[in-house]
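Chain by chain, the residues:
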Amino acid sequence: MIGDVIFEMKGITKVFPGIKALDAVSFSARSGEVHALVGENGAGKSTLMKVLSGVYQAEEGDIYLRGQKVRFQHPLESLAQGVSVIYQEFSLLPDRTVAENIFLGREPARRWGLLDTQRMQSETQEVLSLFGDRHRFGPETLVGELDVAQQQMVEIAKALSLNAQVIVMDEPTAALNDTECDLLFQLVDDLRGQGRSIVYITHRMREIRRLADRVTVIKDGKVAAAFDDVPETGQIVEAMVGRDIGQFYPEPATPDEVGEAVLTVRGGGNDRIFDIDLDLRAGQITGFAGVQGAGRTALALALFGVEPFDTGAVTVEGNPVSLTTPRRAARAGIAMLPGDRKAEGLMLMQTVRDNGMISARAFSTALGAPDNTPMTTLDQMDQFFDAFDLRAASYDVEIQSLSGGNQQKAIVARWLSLAPKVLIFVEPTRGIDVNTKAGIYAQMRKLAQEGAAVMAISSDLPEVLGISDRVLVMSDGKIVAEFGYGASEAEVMHAATEAHLELETS
Amino acid sequence: MMPRLKQMNPVFLVLILLFAAIAILSPYFLQPAGYMNFLKRAAPIAILAVGQLYVINSGGFDLSAGALVTLTVIGSSILLDGDASATWWVIIVMLGAGVIVGVANALVVSWLKVPSIIATLGMMITLSGIALTWSGGAPRGYLPENFRFFGRYLIKDLPLIKILPVAVIVMVVVCAAMWWLMHRTNYGKRLVAMGDNPKAAMLAGVPLTETRIVAFVMSSVSAVIAGILLGGFAGVSTDVGVGLELQAITAAVIGGAQLLGGRGTVGATIAGALVLQAMFTLLNILGFPKPVRDVVQGLILISAVVIAGYRRRRSGG
Numbered sequence: 001m002i003g004d005v006i007f008e009m010k011g012i013t014k015v016f017p018g019i020k021a022l023d024a025v026s027f028s029a030r031s032g033e034v035h036a037l038v039g040e041n042g043a044g045k046s047t048l049m050k051v052l053s054g055v056y057q058a059e060e061g062d063i064y065l066r067g068q069k070v071r072f073q074h075p076l077e078s079l080a081q082g083v084s085v086i087y088q089e090f091s092l093l094p095d096r097t098v099a100e101n102i103f104l105g106r107e108p109a110r111r112w113g114l115l116d117t118q119r120m121q122s123e124t125q126e127v128l129s130l131f132g133d134r135h136r137f138g139p140e141t142l143v144g145e146l147d148v149a150q151q152q153m154v155e156i157a158k159a160l161s162l163n164a165q166v167i168v169m170d171e172p173t174a175a176l177n178d179t180e181c182d183l184l185f186q187l188v189d190d191l192r193g194q195g196r197s198i199v200y201i202t203h204r205m206r207e208i209r210r211l212a213d214r215v216t217v218i219k220d221g222k223v224a225a226a227f228d229d230v231p232e233t234g235q236i237v238e239a240m241v242g243r244d245i246g247q248f249y250p251e252p253a254t255p256d257e258v259g260e261a262v263l264t265v266r267g268g269g270n271d272r273i274f275d276i277d278l279d280l281r282a283g284q285i286t287g288f289a290g291v292q293g294a295g296r297t298a299l300a301l302a303l304f305g306v307e308p309f310d311t312g313a314v315t316v317e318g319n320p321v322s323l324t325t326p327r328r329a330a331r332a333g334i335a336m337l338p339g340d341r342k343a344e345g346l347m348l349m350q351t352v353r354d355n356g357m358i359s360a361r362a363f364s365t366a367l368g369a370p371d372n373t374p375m376t377t378l379d380q381m382d383q384f385f386d387a388f389d390l391r392a393a394s395y396d397v398e399i400q401s402l403s404g405g406n407q408q409k410a411i412v413a414r415w416l417s418l419a420p421k422v423l424i425f426v427e428p429t430r431g432i433d434v435n436t437k438a439g440i441y442a443q444m445r446k447l448a449q450e451g452a453a454v455m456a457i458s459s460d461l462p463e464v465l466g467i468s469d470r471v472l473v474m475s476d477g478k479i480v481a482e483f484g485y486g487a488s489e490a491e492v493m494h495a496a497t498e499a500h501l502e503l504e505t506s
Numbered sequence: 001m002m003p004r005l006k007q008m009n010p011v012f013l014v015l016i017l018l019f020a021a022i023a024i025l026s027p028y029f030l031q032p033a034g035y036m037n038f039l040k041r042a043a044p045i046a047i048l049a050v051g052q053l054y055v056i057n058s059g060g061f062d063l064s065a066g067a068l069v070t071l072t073v074i075g076s077s078i079l080l081d082g083d084a085s086a087t088w089w090v091i092i093v094m095l096g097a098g099v100i101v102g103v104a105n106a107l108v109v110s111w112l113k114v115p116s117i118i119a120t121l122g123m124m125i126t127l128s129g130i131a132l133t134w135s136g137g138a139p140r141g142y143l144p145e146n147f148r149f150f151g152r153y154l155i156k157d158l159p160l161i162k163i164l165p166v167a168v169i170v171m172v173v174v175c176a177a178m179w180w181l182m183h184r185t186n187y188g189k190r191l192v193a194m195g196d197n198p199k200a201a202m203l204a205g206v207p208l209t210e211t212r213i214v215a216f217v218m219s220s221v222s223a224v225i226a227g228i229l230l231g232g233f234a235g236v237s238t239d240v241g242v243g244l245e246l247q248a249i250t251a252a253v254i255g256g257a258q259l260l261g262g263r264g265t266v267g268a269t270i271a272g273a274l275v276l277q278a279m280f281t282l283l284n285i286l287g288f289p290k291p292v293r294d295v296v297q298g299l300i301l302i303s304a305v306v307i308a309g310y311r312r313r314r315s316g317g
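Those protein sequences? They're chains A and B, same order as listed.
When we follow our numbering, the leftmost residue of the first sequence carries the number 1, and every step to the right adds one.
When we follow our numbering, the leftmost residue of the second sequence carries the number 1, and every step to the right adds one.
Calculated from the structure, these hints are not laboratory results.
A couple of the hints might just be wrong.
Said to hold, decoys possible - Each computed BS3-like pair below joins lysine-lysine, with the alpha-carbon atoms no more than 30 angstroms apart:
(1) B:K113 to A:K478
(2) B:K113 to A:K342
(3) A:K478 to A:K342
(4) B:K199 to A:K437
(5) A:K421 to A:K437
Stated by the list, open to error - Computed list of chain B residues with no C-beta within reach of chain A, every gap over 10 angstroms:
(6) A23
(7) L39
(8) G136
(9) K156
(10) Y187
(11) D196
(12) V206
(13) V214
(14) R263
What the hints assert, rightly or not - Computed spacing ranges between beta-carbons, pair by pair:
(15) A:G368 to B:V242: 37 to 43 angstroms
(16) A:V15 to B:L17: 36 to 42 angstroms
(17) A:A393 to B:W180: 27 to 33 angstroms
Since the model is a prediction, treat every value here as computed from it, not as a measurement.
Where a beta carbon is used, it is the ideal one built from N, C-alpha and C, also for glycine.
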C-alpha cells in the first residue's frame, strides 16, 4: 500500500561551527511506508530530522512537502503541516492528564475562554481508540503514572491528534523492554496501514528487519547507502562502519605485558546489568562495546560504587571488596574518569592544581596540609601535569579556562595520585579534538604498561577497537561476546545488535 | 605588580574608603578608643559571617544563625540567673547546643535532601519558638559579670594601642582558627570543591555528608560565640539575634563569596563584615535613623552580587 512521496529532502547541508554535520543529504518518505534511518552515534540522523522539523535551518538544499517547497523556521510550523517528531526524551508534563498533555498549548475553549474539557476528553478518547484496546489508560490518567511505553503512546497520540502524516521516531525502543517493543511494532504497523509515513531511526538490526520497507544509512553526515528494500544485515553494517583504524592508536599489549587478574566480578548484577562475570588483567586494556542502554555505563557505575551491584562478588587483587560508595571503590584501588567531564569531573571555579589534588586531599586526614599529602605533594602533581604535557597559562588558573583535552589530563593526574590498580575510562575523548585524542590513548596505554588494569567505555566504536587489547560486547545488561585485538567493526556491531535475535532463538 | 592590584578583591579598597570617610567626619575614630570600640562592635558579625562562609562555600545557606544567637543569650541568662559560678558549664552547654543544631541542619540537608535554605529556615523558626517559650516572651534572668567579660571587658593601659577589648581578642582567635581550617587544611579544600560541584567532588572521593556536617557546625558554633559576645555588651533581649543571619550572608557576599558555593575567602569575608559595620557607623554619624540602615544593607547586598557577576564575566571566568 505504499503510495506517493509525502516529503523529500534534497541536497541538505548543515554546518555547525567547525563541523559539517550534514553534507548534501537527500532523503524522502512515501505514504504507507516505514523508512529506516540508520547510522552510528553522531552520524547525523537526528540533525537531519531536526532540519526537517525546523529546529535547525539548512545552509543548502530544499525540502518539499507533498510537492510544495517548504522552509520551516520553527517546529510549530512543521507540526501545523503534519510533521511530528517523537524524540527519545519525551516532552510530557507528568502532573497533567493524558488529555491535557495531548492538547497542551492548543486547548479548546468555550465561551468566556473557559476550558472545553468535554471536547478534550472525547477527542482524546477518539485518538486513543486508534490503538485498539492496547493502551490500558484513559484521557484522565496522569501521565506520571504511566510507564515508558505508555508515555510513548501518548506522544504518538499527540501526533495523531494533530493529524500528522509524517511521524519521525528517534530510537523509540531505547528504553523499552521486549513486550513493550512488540506493542510498539504493532502500533507502527497500524500507522503504516493508515497510510502515514514513518521515519524510524535506529541502529538495531532486528527492528529494521521487522519494520522497515526501505533503509537509508548515514555516516559522517553523508548518505553512505540508500536501499529500496531491506538488504542483508551485513550490507547495512558495512555501510555504517567501513573505515580503517590508522596509526592513531598505540600498539596493543604484548602477551608478557599482560599479568594477573587485578579485578574479578562473579555474578554481578543490579537493576540494569545481569550475570556479570569479568576479569580485568594488569597491563591490559579491556574495551566495552554495545548500543546505547546496553549496560556499559551501568557496569562502570557499579564498579565505582555509584550504582552498586546488588548481587555477586567482587575481588581486587584477590581480596573481597564491597563497592557501595565511590569512596569505598577508590579505597579498594578503583578509579573512574566520568563520562560527562563538566558535570561529573570538574570543579570549574577551582585551579588546575586544586582539581588535580582533590582526591589526594579527600583521602588524607582532614586537618592535614593540603599541599603536602601522604599520597602526593604539590610538586609531584606538577610533575604529573608536566609529564602529560598539560597546557595551561599557569597551573593556578581556574580549570574552566582550559581546553577539554587539558581538563581531561588534570582528571587523570588526580587519580594517578592515588596509584589506582584499576582505571575505568568512560568516554575518554568526548569533545576532545583529534590531536589530543592520540595523546590520551598513549596515556592509557602507558598506564596499562605500568601495571594498571584499564577499562575503556566509549560510544565511538572505532575508538574502542583501536585502543583495546580485548573487546567485550554488552547487550541488554549482559556481556554477550568477547573479541581479541583486531576484531572488525562489522563483527562487533553484529554481536551488539544481533544479540537480541540469538538470545530469542536459542 | 599591576595585574596583582587588579586581581585584589575590591572589598579592601571599599573598606579603606569608608574608614577614611568616617575619620574625616569624626576624628574620634582615629583614637584607640574609637577604632577599638568599632572593632568590638564588629566582632560578633565578623565571627558570624566567617561561620556563615563555611556553609556558603559548601553550597548552602544557614538562616538559623540569628535565632541561635537569641537562644544563646536568652538561654544563658535563664540558666545562669546571676550565678557566676555556673558561667563555665553554661558556656559549654551552649557550645554543645550549637554543635547539635549544626549537625541537625546538615543531616536534614544530607539525608532528607531538603534544600539548606528551607532546612535552616525551619530550624530558625524552631529555635525562635524555643527561645520564646522558654523566656515567656520577656527577658528573664540575669547574666553575671564573668559571663559578660567576653563582650564587655576592656584591657587598659597597654602601650601603643592603649586599650584592647576582650571581644576583639575573641574575634581574632576565632577568625584565625577558621581561616586556618578553610585555607590551610585538606578539609577546607574539600569543602570548596563540594560547593563548586558536589557530584564531581563525590566522584573524586570527597565524603559529602561529613564535610557538610562540619560546615554547619562551624556556622552554629560561631553563632553561639557571637551570642556570648552580644550578651556581654548588649545585655539580654528577645530580639538580639534578629536579622543577624542576613547580615552575615551580606558580609560574606560583600567579601566576594559566591552564593551556591565554590568561592569565598575568610579574609575578604571579615573585610565584608567590617564594611557593613563601617557603613552603619557612617550612617549613624550622618544622623540617619535605624530603618535607613536596612535599606542601605539591602542595596549593598544586591550591588555586591551585581558587581561580582560583572567582574567575573569580564575576566572570562
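Assertion that K156 of chain B lies outside the chain A interface [Cβ separation over 10 angstroms] | The claim holds: K156 of chain B sits with its nearest Cβ about 37 angstroms from chain A, beyond 10 angstroms.
Separation of V206 of chain B from chain A, once the least beta-carbon distance is taken, above 10 angstroms = At about 5 angstroms from chain A, V206 of chain B fails to clear the 10 angstroms cut-off, so the statement is violated.
Do the alpha carbons of K113 of chain B and K478 of chain A lie within 30 angstroms of each other, as the hint requires?
-> violated, 33 angstroms
Say whether it holds or is violated: D196 of chain B keeps its Cβ farther than 10 angstroms from all Cβ of chain A.
-> The assertion about D196 of chain B is violated, with a minimum of 4 angstroms to chain A.
Is the straight-line distance between the alpha-carbon of K478 of chain A and that of K342 of chain A 30 angstroms or less?
-> The hint holds at about 29 angstroms.
Claimed clearance of chain A by G136 of chain B, with the beta carbon kept past 10 angstroms = With a cut-off of 10 angstroms, G136 of chain B remains clear of chain A, as the shortest Cβ separation is near 42 angstroms.
Say whether it holds or is violated: V214 of chain B keeps its Cβ farther than 10 angstroms from all Cβ of chain A.
-> Violated, since 8 angstroms does not exceed 10 angstroms.
V15 of chain A and L17 of chain B, beta-carbon distance inside 36 to 42 angstroms?
-> Once the Cβ atoms are compared, 52 angstroms apart, the range 36 to 42 angstroms for L17 of chain B and V15 of chain A is violated.
Distal placement of L39 of chain B relative to chain A, Cβ over 10 angstroms | Since the minimum Cβ distance to chain A is about 29 angstroms, L39 of chain B lies beyond 10 angstroms and the statement holds.
Hey, K421 of chain A versus K437 of chain A, does the alpha-carbon distance stay inside 30 angstroms?
-> holds, 23 angstroms
CA of K113 of chain B to CA of K342 of chain A, is that 30 angstroms or under?
-> holds, 23 angstroms
Beyond 10 angstroms from every chain A Cβ: check whether that's true for R263 of chain B.
-> violated, 5 angstroms
When the structure is compared with the earlier hints, violations turn up for hints 1, 10, 11, 12, 13, 14, 16 and for no others.
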